[in-house]
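Q: Sequence:
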Amino acid sequence: MDALKTVFNRRIALPVVVAAALLHNSAEALQSPGLRRQLVNAHSFAEVETTGYSCFEKGKEYVGFSLTEFPKVSDVALCQQRCNQHPQCGFFTFYSNENRCVLQSRKPSQEKNNANAVSGPKRCPLCLVDNYDFRGETNMHQKGAPGLNTLLACQQGCAAEPKCKAFLFEKGPRTCHFKTSDNYLKSFHPDTSYIA
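Mapping of the sequence shown onto mature numbering (1 follows the signal peptide of the UniProt record, and there is no 0): residues -29 to -1, 1 to 167, in sequence order.
Hints in this document: simulated from the structure, not taken from any laboratory. Treat the hints loosely; a few may be bogus.
The list that follows gives simulated cross-link-like pairs (lysine-lysine, PhoX-like), each with its CA atoms no further than 25 Å apart [said to hold, decoys possible]:
#	residue 1	residue 2
1	Lys29	Lys83
2	Lys142	Lys114
3	Lys83	Lys31
4	Lys29	Lys43
5	Lys78	Lys29
Turn these sequences into a full structure, and let the hints guide you.
A: So, in structure tokens, the structure goes:
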């Protein structure tokens, strides 16, 4: 870990360290020089969070589709973790003035401005890795997820789908594949046709 911090400056090291900590079998994945280079160049949730941009909507309160709520939640990261642990949760709203976390089944179309609220998805995207494939891993939809023909739509679709562990975007036919197995990183292979 210390070697990684000395090689990369803090702004680049943080996303790689966070991605490595969150991805299963990260030691295997980081042995590939090409993957290391891709992870360093990728924009992760951690990097954008430290520079003031993230998948969280600060000052926004999602209204509706409430599943449950938790009092005494210390911060927005813990609220997102609670959402991650709930099989039906897709989005959440954290109220910093009350330390309250509300889980929602999907993103409501209605939002309210609220200086004490932070809302966001179940999972923020970690990173995009160009020219890699999760070869041989099971797809949720055999011919690709219907209607998700852009990289952003594919990424957001995976974040909203509880069974999606990772996604793969096929560049040529513009097809989105959701991966449902936790073993996806073990099957990470170079392939110029995909973005993982």
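Q: Does each hint hold? Answer for all of them.
A: Quick rundown of the hints versus the structure:
no. : hint            : result
1   : Lys29 / Lys83   : 11 Å, holds
2   : Lys142 / Lys114 : 14 Å, holds
3   : Lys83 / Lys31   : 6 Å, holds
4   : Lys29 / Lys43   : 19 Å, holds
5   : Lys78 / Lys29   : 15 Å, holds
Violated hints for the displayed structure: none, as all numbered hints are satisfied.
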